Amino acid sequence: EPEVTQTPSHQVTQMGQEVILRCVPISNHLYFYWYRQILGQKVEFLVSFYNNEISEKSEIFDDQFSVERPDGSNFTLKIRSTKLEDSAMYFCASRARQGSTGELFFGEGSRLTVL
Amino acid sequence: AQTVTQSQPEMSVQEAETVTLSCTYDTSENNYYLFWYKQPPSRQMILVIRQEAYKQQNATENRFSVNFQKAAKSFSLKISDSQLGDTAMYFCAFMKHGSQGAQKLVFGQGTRLTINP
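Chains as they are written, first to last, in the working numbering: chain A, 1 to 115; chain B, 1001 to 1117.
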C-alpha cells in the first residue's frame, strides 16, 4: 500500500543550525502538508502546498521556515535557524486530487531535538 | 476560524468494553468533513473513520462508529468490543469542503485511550 515516507526519523541539532526535513508523498497526490506536534500537545498545522506554491500557512510558519518540492517527488521543510521551541515531531501529509474523500495520509514523523 | 475541542485528555477501559470519545467543533461552514485519527505510540496517524457533513447517516467502520449531531456540532467516536490494539491517542479533526486549494485538517487536543487487559 502506498505510504508517505519521512527522513530522518530523528535529528538532533544545535540552536541556530539549519535543518531540512524530507518527505516523499504518495505519488499521485496533489496536496502536501506539514504539521507539528510538540510533545504531549495537539497537532498544529504549519503549511499546505499545491501546484508548486504555498496554499496556506499558519502563524507558526514564519520567515525561518520554508518548503519546496524540488524534483516532483520530495517535499522538504527547511528551518533556517533553529530555536529551542522548534523541538517537536514534524509530520508530512499528502492528499489526493480535489473531490476526493478529503483524507490526509501521514508519514511517521521526524523528531527534531534542538539543544 | 474553525476550532475542535476534545474535553477528555485521557480515558481508560477494560478490554471488550465499549468506550465513547467526545468531540465538539465550531464552524460557520455548512459543508465539511469530520475525521477521527488514531496515533499509536511512536507511529503515524491513521484514519479511523470519516463523516461528511451533508450525510445524516452516522458513519460506521466495523467496531468504530460515530454519533454525528450537526446542529449541536458534536462528533463522538464509539469503539465497541475494545481491543488492546486500540490503545492510542485519538484525534478528532475538521476539514472544510472546498473547491479550491489545499484544505487543511484542524485537530483537537487529542484523547489518550488505554485499553487494559
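Do not take every clue at face value.
In silico EDC-like links for lysine to aspartate or glutamate, alpha-carbon gap of 16 Å or less [to be verified]:
(1) A/Lys42 with B/Glu1010
(2) B/Lys1096 with A/Glu103
(3) B/Lys1078 with B/Asp1026
(4) B/Lys1096 with A/Glu59
(5) B/Lys1073 with B/Glu1010
(6) B/Lys1073 with B/Asp1086
(7) B/Lys1070 with B/Glu1052
(8) B/Lys1096 with B/Glu1052
Calculated directly from the structure, the hints in this document are not laboratory data.
In this text, all values refer to a predicted model and were calculated from it rather than measured experimentally.
To see whether the hints hold, each was checked on the structure:
Pair hint A/Lys42 plus B/Glu1010 holds up; C-alpha atoms about 13 Å apart against a cutoff of 16 Å. Straight-line distance between C-alpha atoms of B/Lys1096 and A/Glu103 comes to about 12 Å, which keeps the hinted pair within the 16 Å bound. For the hint pairing B/Lys1078 with B/Asp1026, the CA-to-CA distance comes to about 21 Å; that exceeds 16 Å, so the pair is violated. With a C-alpha separation of about 19 Å, the suggested pair B/Lys1096 and A/Glu59 falls outside the 16 Å cut-off, and the hint is violated.
Distance restraint check for B/Lys1073 and B/Glu1010: the Cα-Cα separation of roughly 22 Å exceeds the 16 Å cut-off, and the hinted pair is therefore not satisfied. Our distance criterion of 16 Å between C-alpha atoms is broken by B/Lys1073 and B/Asp1086, whose separation comes to about 25 Å. Straight-line distance between C-alpha atoms of B/Lys1070 and B/Glu1052 comes to about 10 Å, which keeps the hinted pair within the 16 Å bound. Note on B/Lys1096 and B/Glu1052: the hinted pairing holds, with a Cα-Cα distance of about 10 Å set against a maximum of 16 Å.
Violated hints for the displayed structure, listed by number in ascending order: 3, 4, 5, 6.
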